[in-house]
Amino acid sequence: MFDSLSNRLDDIFTRLKSRGRLSEKQVDEVLREIRLALLEADVSLKVVKAFVKDVRERADGAEIHKSLTPAQQVIKIVNQALIDILGEANVGLEVGSRPPRVILMAGLQGSGKTTASGKLARLLKSQGRNPILAAADLRRPAAIRQLQLLGEQVGVPVHAEPDSPGHDAAGVAGRALEYARNEGYSDLIVDTAGRMHVDPELMKELGAVAHAVDPNEILLVCDAMTGQDAVNVAESFLEEVDVTGVVLTKLDGDARGGAALSMAFVTGRPIKFAGVGEKLGDLEPFHPDRMASRILGMGDVLTLIEKAESVFDEAEAKKMEAKLRKAEFTFEDFLTQMQALKKMGPMSQVLGMMPGMSKLPVADDQIDNQMPRIEAIIRSMTIQERNNPQVLNGSRRKRIAVGSGSSIQEVNKLVKQFDQVRKMMKAMSGGKGKGKMKLPKGMNPPPGMGF
Amino acid sequence: MPDGMLPELLIALGLVVLVVVVVFVARRGSQRDADVLDRPETTKAPVTRTEVEPETIVEPPPDVVEEVEVEPALRPSLRERLTKSRRFITGRLADALGQTPDEETWEDVEAVLIQADIGVATATRIVDDLREQVRERKIKDPSEIMALLNEELVSLFDTEKPRDLTYSDDRPTVWLIVGVNGTGKTTTIGKLASTLSRDGKSVALAAADTFRAAADEQLGAWGERSGAQLVKHQPGADPGAVAFDAYKFAKARELDVLLVDTAGRLHTKTPLMDELSKVRRVIEKEGTVQESLLVIDATGGQNGLNQAKEFARAAGVTGVVLTKLDGTAKGGIALTIEDDLDIPIKLIGVGEGIEDLEPFDPKAYVDAILA
Ligand SMILES: Nc1nc2c(ncn2[C@@H]2O[C@H](COP(=O)(O)OP(=O)(O)OP(=O)(O)O)[C@@H](O)[C@H]2O)c(=O)[nH]1
Ligand SMILES: Nc1nc2c(ncn2[C@@H]2O[C@H](COP(=O)(O)OP(=O)(O)OP(=O)(O)O)[C@@H](O)[C@H]2O)c(=O)[nH]1
Ligand SMILES: [Mg+2]
Ligand SMILES: [Mg+2]
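If you read the sequences in order, they're chains H and P.
Here the first sequence is numbered in the numbering used here, starting from 1 and rising by one per residue.
Here the second sequence is numbered in the numbering used here, starting from 1001 and rising by one per residue.
In case anyone wonders, no lab produced these hints; they're calculated from the structure.
C-beta atoms are modelled at their ideal positions from N, C-alpha and C, and glycine is treated no differently.
You may find that some hints are simply not true.
Said to hold, decoys possible - Beyond 12 angstroms from chain P on every Cβ pair, some chain H residues (computed):
id : residue
1  : Glu-29
2  : Leu-31
3  : Gly-61
4  : Asn-90
5  : Thr-114
6  : Lys-125
7  : Asn-130
8  : Glu-161
9  : Arg-269
10 : Asn-387
Claimed, not checked - For lysine to any residue, the following SDA-like pairs were computed, each having C-alpha atoms within a straight-line distance of at most 25 angstroms:
id : chain 1 : residue 1 : chain 2 : residue 2
11 : H       : Lys-49    : P       : Glu-1104
12 : H       : Lys-46    : P       : Glu-1103
13 : H       : Lys-49    : P       : Glu-1110
14 : H       : Lys-49    : P       : Arg-1125
15 : P       : Lys-1363  : P       : Asp-1128
16 : H       : Lys-49    : P       : Asp-1128
17 : H       : Lys-342   : H       : Met-371
18 : P       : Lys-1138  : P       : Arg-1125
19 : P       : Lys-1285  : P       : Pro-1271
20 : P       : Lys-1363  : P       : Arg-1125
21 : H       : Lys-279   : P       : Thr-1270
22 : H       : Lys-342   : H       : Val-415
23 : H       : Lys-25    : P       : Glu-1107
24 : H       : Lys-53    : P       : Lys-1363
25 : P       : Lys-1161  : P       : Thr-1336
26 : H       : Lys-49    : P       : Thr-1124
27 : H       : Lys-279   : P       : Arg-1212
28 : H       : Lys-25    : P       : Val-1120
29 : H       : Lys-204   : P       : Ile-1354
30 : P       : Lys-1201  : P       : Pro-1162
31 : H       : Lys-25    : P       : Lys-1285
32 : H       : Lys-46    : P       : Asn-1150
33 : H       : Lys-53    : P       : Pro-1162
34 : P       : Lys-1309  : H       : Val-415
35 : H       : Lys-279   : P       : Gly-1236
36 : H       : Lys-46    : P       : Ala-1121
37 : H       : Lys-25    : P       : Glu-1103
38 : H       : Lys-279   : P       : Thr-1336
Let the sequences and hints guide you as you build the complete structure.
What follows is the structure, encoded as structure tokens:
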């Protein structure tokens, strides 16, 4: 589904390559695909409708950019519309005027509140703060134990009243606040029971808990796999308490995460954190730009184009393309391009912008770490070797390995893969040079490997 | 730039470098996949063990099974409960079908289906079918169209299909419960254990979620409520070993049913899915896994289909339990799962209480969506 979607958009954008103003028909066609993309990504229908309407209005009134193809124009508009909902950049936690800063976690059953509480405690502690957790979920079996164990793992104390009878969550939270204040804790993180947004009794309880602790932050914890219901959930929670932000969990899977858009649209509040795994370190600041790409099922092509335009020389680029097509691309060329590419920013970031490449089977830092290694190997080659990899015999490879401080296996691997890629690129840019940029089969990384 | 295709050319050049880097790193990194994925590898399962491990802890059930809190007869039916929260959808559909159907009508019908998380593809197909029939049979009456839509939806289910959970000839019957994180596996096991106990069956629970904090204590609490015995190891122990010991335990005592709770895992994480296959295999050394139930959260969207595919591959899913139907979400993806993958929905979860588990009835479900 993921692949077919980004390909479908690519297809339209390729067909729309003619210049000039967008025709109404073209806009219609693109919008139909955008609608479909959003729905398949689980963006709530209500939000999709509003979004598509917004994009159409923007497209109608858009200035004609001489330098942009219609496809690029639409992408730019869609991107901007997404950013307007999701936010430009990450928004951190409220600072809070006097300690303890109170952070209340709320959400549906099983969305990841308790885990997120533990993760947040760990994060704050690592920033040199002094947080405490409060176990105000008095309903789910062993919920208190779960939070206590997480507290132990991150070395953060937990205020809990396992023996207190009844369901007085507000009372527990209130006493936790008193304790935190008296003991001089910097932050109080309150874990609450999961609740259905249509359960009046439980929603009232949440209101009471919020009333008891007057939180600086009320974070609505939302599962990234959530479907159409996200709007109803967001509306109901917002009605009961003053939600200040969203935590989107379980983003380490292959869900496209349209709920993020629904949540942000309905609440008007920023998504502050992303849960990307079950371990307590798996919490990241939320990146709206990455999410926009993920929801649409395509890379951040526009930014990529802009960046590429600023660092690559046009005449040079044309020469390279010719070489590519004839598989004459050498290590020397490779090195030159690598230098240009480096100016575009960290490799992991550039990769993240490419359609279908946002989820790679390798960690970001691994990619960035490899760049200098590869460069070192190539730099240890003579000019002749770089232009003529065929001459690389055993002894030369050994010399290069020693010179670059790598193993001979690594040198072998690089030479072999360079050759493979060269052939691959030839095939890809084959035909009349108008070949669509498509990743070769097998280059599409398995879904769900990191956000 | 004078030429429209130049940006792509530039990307192509970038790609060369990128592709090499990525391929290079990916190959190098392949041995490190274990680090890239988060959870620690569990130790290899001693699959041929014949005796119950000394570390196995068995918690006996309490003498008295807890009283049922609410009289079942007084409980509102699924349909009543679902319709309560769904009136707004219903109203819209009725409005839409108030006049002779036009383009907007069909859009509204499609909207209702999409909002039930049935998925655009399935929704479009249903509406197209419906339109065709309405046109052919020259139907004008809105109530007739409603009936037709209802029929159409029900027909996506195999209404003849037996949906009861099945038992093996030899004791214990093993039901394995699987699914992504937080869908309601452990709670469903609690509910199942209670139902079984009330039917006079003896039940053991295997705490094969050794990863989630306090997962065993959560299961233990359900064991106490339902009068089932709990078999568990230490946190972090091998899930396969727990399942195996629990099987041995249940067999030795000739218990009727063994319910195996597993850790929530995202279907995209290969090592964790392999771990699940292993749990299944370990049990099958000695007996059979009679039912492998996939728990799907009705709040979830289109991702459910991928979940079903991957869990079916790893754990041979025999049925779906659709939980959290007590909210406003309709869990339509389960319909798509049944329709596409031929995996029947067997049970539904309609609350957090021990009684809140019901057999799945296609007609009632469709009624509840369209009522
Ligand atoms: N893969 C993944 N799993 C997560 C993430 N966050 C939470 N989980 C898992 O989701 C499940 C539910 O998490 P909890 O923290 O217990 O959820 P909760 O909202 O507190 O649940 P209730 O208190 O029952 O409402 C657990 O199995 C967690 O390990 C995440 O970012 N990624
Ligand atoms: N409203 C409602 N809540 C449910 C239902 N089934 C389970 N829950 C709740 O969902 C939350 C998660 O349930 P669990 O049984 O812990 O889920 P799990 O799949 O075992 O979770 P992990 O083991 O962490 O993957 C708990 O708060 C349950 O009370 C249901 O049918 N309706
Ligand atoms: Mg919790
Ligand atoms: Mg569980």
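Output the numbers, in ascending order, of every earlier hint that fails for this structure.
5, 24, 31, 33, 34, 38
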